[in-house]
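> One-letter residues, chain by chain:
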Amino acid sequence: MNFVEARLAKLARNGDRNAFEELVELYKDKIFHLAYRMLSNKQEAEDAVQETFLRVYTNLHRYDENQKFSTWIFRIGTNLCIDKLRRRKNTYSLDAELPDGEGNDFYAMLPSDEDTPEKQIIVSETQELIRKAIGSLPEKYKSVVILRYLHDMSLQEIGDVLDMPVTTVKTRVHRGREYLRKLLEQHEHITI
Amino acid sequence: MNCKEALPLIHEYLDGDLHGSEAKELKEHLIACPACRTLFKQLEKTDAMVRSLPSVRLPDTLTAQIMSGLPPMKKSRTWTDWIRRHPAVSVAVVFAAVMFGSYMSMWNDDKNLMVKGNDLQEVIIQGDTVIVPQGHTVNGDLVVQRGKLEVEGDVTGNVTVIDGSVNLASTAHISGQVTKVDEAIGWIWYKLGEIVTMIAS
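Taken in order, these protein sequences are the chains called A and B. Mapping of the first sequence onto my numbering: residues -16 to 175, in sequence order. Mapping of the second sequence onto my numbering: residues 18 to 218, in sequence order.
It should be emphasised that the hints constitute simulated quantities derived from the structure, not laboratory data. It is possible that some hints are incorrect.
[As the list claims (entries may be wrong)] The following label-pair restraints were derived from C-beta to C-beta distances:
no., chain 1, residue 1, chain 2, residue 2, range
1, B, M18, A, R(-10), 33 to 41 Å
2, A, G118, B, A65, 17 to 25 Å
3, A, R(-10), B, P89, 21 to 29 Å
4, A, T154, B, P51, 22 to 30 Å
5, B, Q82, A, E108, 57 to 65 Å
6, B, Q82, A, T154, 35 to 43 Å
7, B, Q82, A, A2, 12 to 20 Å
8, B, G193, A, H44, 23 to 31 Å
9, A, A2, B, A109, 29 to 37 Å
10, B, P89, A, E168, 20 to 28 Å
11, A, H44, B, T80, 20 to 28 Å
12, A, E108, B, G37, 36 to 44 Å
13, A, R69, B, P71, 47 to 55 Å
[Claimed, not checked] Selected chain A positions facing chain B (Cβ under 10 Å, derived; list incomplete):
no., residue
14, F15
15, E48
16, N49
17, T109
In this text, a Cβ means the ideal position worked out from N, Cα and C, and glycines have one as well.
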């Protein structure tokens, strides 16, 4: 699988658009899933997927074939989402009133929950709660938790994606897990 | 084992990294300590719940959207990219091209006969022919470019003929080597050799 992807990347680098399209097909759902969990917003996640593939495409000549393609594309996608989260934090506070004089805050501007593609899928209140809990994780735990639990990556792979030592990844998984446990514990009717 | 020691081990266990004696010690502690047992169960359940989140799928139209958003392939950029990525090689290529060009122009410009040696009183030049007469001895090397060389006497060094011909009479005696250079490339080799010997000496 790894070999096939490296070959596709090589073909795409030499100008084969069909090869690139195959890479898009292979990874778009994974990257969307990642971006959606990171950003908790469908539109922003779609934008992030587009931007990720654009960056992959324009940086194909930098891809090292000895590296796993998945590690590379996840690194680009994760960094992009982290950037978006940071920019969001810097540009506005969600609780601040908007200067439109109507007393709206940013929550009013966020897409309603009806927009989320999983609204139909989520039958359980528990899943909705977990979704929110992950959304509220501090950024440095969020990426680690998402890669670990929702993409089933090993600690080593996460270290490669985020460019940090495995020991740091481990600490963040542990803290993230503890954070989530405390959040879920507050909702006693879920009885964890 | 106390509760403080147990917590990191619980996390290690949930990471799938706890084996052997440590796993056994943790198990013994969890049996003995109800508080840690509850914590362990909560963390284990948190893990399972987070994993249970379904993955979300994208609208199928997004592939086309992604593909159409890509910049067009620029074939002409490939060689400039290559230059950007290999600056040292590019400089070397340009340098070699300039050197080659200058040698080529030197090769083509000069149409005149040229004779080079330490002992030129001994040679006779008639038109484009250089003659080493019988009974005469040229001490050292003799180089003739763009001309005919006829050797009837002796040369104590090497004889080099560039872009010309050499004719050795039966009475001729050359102590060194006779080299004929006809091609521009060969001439460059000869020049390079000359430079190297110059640097070496």
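> Give a verdict on every hint.
Right, here's what the structure says about each hint:
no.: 1; hint: B:M18 with A:R(-10): 33 to 41 Å; in the structure: 51 Å, violated
no.: 2; hint: A:G118 with B:A65: 17 to 25 Å; in the structure: 19 Å, holds
no.: 3; hint: A:R(-10) with B:P89: 21 to 29 Å; in the structure: 23 Å, holds
no.: 4; hint: A:T154 with B:P51: 22 to 30 Å; in the structure: 27 Å, holds
no.: 5; hint: B:Q82 with A:E108: 57 to 65 Å; in the structure: 34 Å, violated
no.: 6; hint: B:Q82 with A:T154: 35 to 43 Å; in the structure: 39 Å, holds
no.: 7; hint: B:Q82 with A:A2: 12 to 20 Å; in the structure: 18 Å, holds
no.: 8; hint: B:G193 with A:H44: 23 to 31 Å; in the structure: 55 Å, violated
no.: 9; hint: A:A2 with B:A109: 29 to 37 Å; in the structure: 33 Å, holds
no.: 10; hint: B:P89 with A:E168: 20 to 28 Å; in the structure: 54 Å, violated
no.: 11; hint: A:H44 with B:T80: 20 to 28 Å; in the structure: 23 Å, holds
no.: 12; hint: A:E108 with B:G37: 36 to 44 Å; in the structure: 40 Å, holds
no.: 13; hint: A:R69 with B:P71: 47 to 55 Å; in the structure: 28 Å, violated
no.: 14; hint: F15; in the structure: 5 Å, holds
no.: 15; hint: E48; in the structure: 15 Å, violated
no.: 16; hint: N49; in the structure: 17 Å, violated
no.: 17; hint: T109; in the structure: 6 Å, holds
Consistency note: the structure conflicts with the earlier hints numbered 1, 5, 8, 10, 13, 15 and 16.
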